[in-house]
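Top line first, the protein sequences correspond to chains A and B. With the UniProt record's numbering, the residue at position 23 of the first sequence is 23, and numbering never jumps. With the UniProt record's numbering, the residue at position 66 of the second sequence is 66, and numbering never jumps.
Do not rely on the hints blindly, as some may be mistaken.
Claimed, not checked - Keeping only pairs whose Cα atoms sit at most 30 Å apart, straight-line, the calculated DSS-like set for lysine-lysine is: (1) Lys217/B - Lys231/B; (2) Lys246/A - Lys70/B; (3) Lys217/B - Lys132/B; (4) Lys231/B - Lys246/A; (5) Lys60/B - Lys18/B; (6) Lys18/B - Lys231/B.
As the list claims (entries may be wrong) - Which chain A residues stay away from chain B? Per the calculated CB distances, all over 10 Å, these: (7) Ala40; (8) Trp49; (9) Gly174.
To be clear, the hints were calculated from the coordinates, so they are not data collected in a lab. Note that this is a predicted model, so its numbers are computed, not measured. C-beta atoms are modelled at their ideal positions from N, C-alpha and C, and glycine is treated no differently.
Listed below, chain by chain, are the residues.
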Amino acid sequence: MTSVREWIASGRHAVSDRWHDAPRWMRWSVIAAVIVFFYALPNREFYQWLGPIPTTGSNFGQVLFTVSIYVLLAVGLNIVVGFAGLLDLGYFGFFAVGAYTVAVLTSPSSDLKTLWPWLLALPVALGLTMISGVMLGTPTLRLRGDYLAIVTLGFAEMIRVAATASDFLKGQRGFNQIPHPPGTHADGTPVFGVLDPRPYYWLVLTLIILVVIGVRNLNRSRVGRAWISIREDEDAAQLMGVPTFKFKLWAFASGAFIGGLAGALFAGKQNFVSSQNLELLNSIIILSAVILGGSGNIVGAIVGGGLVAYLIERFRGIEVLGIELYEYRFMFFGLVLVVMMIFRPQGLIPNRRRAAELKDRRKEVMVGG
Amino acid sequence: MTTLLEIEDVSLLYGRIKALHGISLTVDEGEIVALIGANGAGKSTTMRAVSGIRPIASGKIRFNGEDITKLRADLRVRRGLCQAPEGRGIFPGMTVLENLDMGAYTRRDRAGVAKDLTRVLELFPRLAERRKQVGGTLSGGEQQMLAVGRALMSRPRLLLLDEPSMGLAPMLIQQIFSIITEINEQGTTILLVEQNAQQALARAHRAYVLETGRIVKSGTGRELLHDPAVKEAYLGVV
Ligand SMILES: Nc1ncnc2c1ncn2[C@@H]1O[C@H](COP(=O)(O)OP(=O)(O)OP(=O)(O)O)[C@@H](O)[C@H]1O
Ligand SMILES: [Mg+2]
Numbered sequence: 001m002t003s004v005r006e007w008i009a010s011g012r013h014a015v016s017d018r019w020h021d022a023p024r025w026m027r028w029s030v031i032a033a034v035i036v037f038f039y040a041l042p043n044r045e046f047y048q049w050l051g052p053i054p055t056t057g058s059n060f061g062q063v064l065f066t067v068s069i070y071v072l073l074a075v076g077l078n079i080v081v082g083f084a085g086l087l088d089l090g091y092f093g094f095f096a097v098g099a100y101t102v103a104v105l106t107s108p109s110s111d112l113k114t115l116w117p118w119l120l121a122l123p124v125a126l127g128l129t130m131i132s133g134v135m136l137g138t139p140t141l142r143l144r145g146d147y148l149a150i151v152t153l154g155f156a157e158m159i160r161v162a163a164t165a166s167d168f169l170k171g172q173r174g175f176n177q178i179p180h181p182p183g184t185h186a187d188g189t190p191v192f193g194v195l196d197p198r199p200y201y202w203l204v205l206t207l208i209i210l211v212v213i214g215v216r217n218l219n220r221s222r223v224g225r226a227w228i229s230i231r232e233d234e235d236a237a238q239l240m241g242v243p244t245f246k247f248k249l250w251a252f253a254s255g256a257f258i259g260g261l262a263g264a265l266f267a268g269k270q271n272f273v274s275s276q277n278l279e280l281l282n283s284i285i286i287l288s289a290v291i292l293g294g295s296g297n298i299v300g301a302i303v304g305g306g307l308v309a310y311l312i313e314r315f316r317g318i319e320v321l322g323i324e325l326y327e328y329r330f331m332f333f334g335l336v337l338v339v340m341m342i343f344r345p346q347g348l349i350p351n352r353r354r355a356a357e358l359k360d361r362r363k364e365v366m367v368g369g
Numbered sequence: 001m002t003t004l005l006e007i008e009d010v011s012l013l014y015g016r017i018k019a020l021h022g023i024s025l026t027v028d029e030g031e032i033v034a035l036i037g038a039n040g041a042g043k044s045t046t047m048r049a050v051s052g053i054r055p056i057a058s059g060k061i062r063f064n065g066e067d068i069t070k071l072r073a074d075l076r077v078r079r080g081l082c083q084a085p086e087g088r089g090i091f092p093g094m095t096v097l098e099n100l101d102m103g104a105y106t107r108r109d110r111a112g113v114a115k116d117l118t119r120v121l122e123l124f125p126r127l128a129e130r131r132k133q134v135g136g137t138l139s140g141g142e143q144q145m146l147a148v149g150r151a152l153m154s155r156p157r158l159l160l161l162d163e164p165s166m167g168l169a170p171m172l173i174q175q176i177f178s179i180i181t182e183i184n185e186q187g188t189t190i191l192l193v194e195q196n197a198q199q200a201l202a203r204a205h206r207a208y209v210l211e212t213g214r215i216v217k218s219g220t221g222r223e224l225l226h227d228p229a230v231k232e233a234y235l236g237v238v
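Work the whole structure out from these sequences, hints included.
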C-alpha cells in the first residue's frame, strides 16, 4: 500500500520536476495546446473522435458550459479559501447575487420593468456582488476563527430564503426571458442564441483565461505574499506589518466578484433564473472542488472544478443493474472526498506551501503545541 | 537619554481573566531591558500588549513620544516596533529566504533590505545554509533563529524578543545572547523576555520582575542579579 503510494508520489514529482525544468517555449506550447483543446472540445466531430469522454445522457455543449461555470467558481473561491485561508461556506450566495441582479434588471417578469440589455446589467451585477462581499466581510473578517464560515453559510441561506419567499424575487416561478449577451454574426443571426450552447462555453472559457491571468499576477505580487502569510499565521503576519484585515477583505471581495460574474453569465445563458437554482449543495460542491483539486493552486482549482462538475454530469443516463447512477451521484462524490481526505488531504495538484503547512499542523497536533 | 517605550498602568484581560494588573515600565533608546518572571506571570502578554496583537483594557502605551495605545499592530511595525513571537511564529510553508523577506514587508528601500539580509545571514550562518528549506521543516532551534532574524529584517528601532533562547542547546544559547548584545551595540533597542534569567540579567542594562501580572521589582541587571529574593526565585540559588 505504502509502496504504491510512494510510487505514485515519485511519479508525480518526476512530472512536476520535468515541468519546472522544461524550457519556457515548451511550457508555453503545452499550455497553448491545452487551451486549443478546450476551445475545440464542444465541436461534435472532435469529441466523437475522442471516444468515451462526452456525456451520453445530455447535450455535451451544455455540459461543457456547466462545467466551465463551475471552473470559474472554483477559481474564484480558491482566492478566498486557498490563498487567504478563509473558510467560505456560502460562496454560491455571490453567484446568486450576480444572477438575480441581472434577472431583476433585464427580465420582463421583473417588477422593475427596466428591461435593460444583458451587457448593461453586467457591471451593476458585478458591483453589487462586490459590495455584498465587502458588507459581509467587514464585520466578520475582523474576527478570527469559525465566525466567517457560519456567517457565509447564513448569507447563502438568507438569499435562498429571500428568493423563495419574496414576491419581488418571484420564488419558484422565477424570472424568464432574460436577454442573452450581445453580438451578431455577419449574416445577422445572433452569436448567443437559444439552441447552441457552444458560444456561451467559449465566452466563459475566454473569461476563465483572463481571470486566471489576473489572479496569477495578483498572487505573485505583494498582495499574494500577504495572503499567504495570513493563511499561514495571521498573528505573525500582523507582527510583520501586514494589514491583515484589509487583505482578507480584498480576497473576499475579489472572490465575490468572480462569483457574481459566473452568476451573471449563467443568467445570460439560461434565460431563466428561479430559487430552484440556489441549493446549499452548490456551495458545498464548489468548496469540495477546490479542496479536491488542491487548495491554493490555480491549476488545482481548475482541475477540481472541472472534474467535479463533469463527473456529476457523466453519471447521467448510466444504468448499472437497473439502478440509475445519476441518482447516487452525490454518494459517490462524498465517497471520493472521504477517500481523498484520508490519502491525499492536500488535493490532487497541491500547492507546495500548502503541503508543508498541513504537515506542520499535523506535527503541532502530535506534540500538542 | 530619550525614552523610547513607555507603558503606563496597563491592564489586559483574556475574557474575564485579568492577566496584567496595571503594569508600568519604560525602555530608553539604546538599552536592553529584560523582563523576567515565572511561567504564566504575564511576560508574553506584556509583549502582546506592546506589539498590539492584543487590545489592552486600560492604561497608555507611548512609543517615541507618540501615543500608540489605539494603533493597529501592523502600523506599529511601520513606526519601528517589531516582535519576534514566542515559539513557532514563523511561516511554515515559506522558505527561510521568503520568511526573512516577509520581515522586510513594510520596507521599500531595496538596497537596505539586501544589506540587512546579508547581515542576518552572517549573524545566523545556519540559516544561510538552509535558505531554500521550508520553515516548517527546520529544527526548533533553527526556527527560533529564523524568528529573530526575520524580526531584524524590519530594521526595528525597538525589537521585542520573547524567549529567544527557548529550546536551544547550551552552546546556541550563548550564541544567541552574544547576537542580542551585538544587535544592541549596532543600535537596536531591545525588550527581552527570558526564562534564562541568569543570562538575561547579565546582558541587560535594566530589568523588571513580573509576578502574576504585576511588576514587583526593577533595577539594573547587576542589582537584580545580586538581589537575594531574585536569586532564590529565578536563579535557582538558595
Ligand atoms: N489567549 C489566552 N486566553 C486566556 N488566558 C490566557 C491567554 N494567553 C495567556 N493567558 C493566561 O495569561 C497568563 C499570562 O500568560 P503569559 O503567556 O503572558 O505568561 P508568560 O509569562 O509568558 O509565561 P511563560 O513563561 O510560560 O511563557 C497565564 O495565566 C495564561 O494562562
Ligand atoms: Mg511566554
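For each hint, the structure was consulted:
{"no.": "1", "hint": "Lys217/B - Lys231/B", "in the structure": "13 Å, holds"}
{"no.": "2", "hint": "Lys246/A - Lys70/B", "in the structure": "17 Å, holds"}
{"no.": "3", "hint": "Lys217/B - Lys132/B", "in the structure": "45 Å, violated"}
{"no.": "4", "hint": "Lys231/B - Lys246/A", "in the structure": "48 Å, violated"}
{"no.": "5", "hint": "Lys60/B - Lys18/B", "in the structure": "17 Å, holds"}
{"no.": "6", "hint": "Lys18/B - Lys231/B", "in the structure": "27 Å, holds"}
{"no.": "7", "hint": "Ala40", "in the structure": "38 Å, holds"}
{"no.": "8", "hint": "Trp49", "in the structure": "43 Å, holds"}
{"no.": "9", "hint": "Gly174", "in the structure": "45 Å, holds"}
Hint violations for this structure: numbers 3, 4, all remaining hints satisfied.
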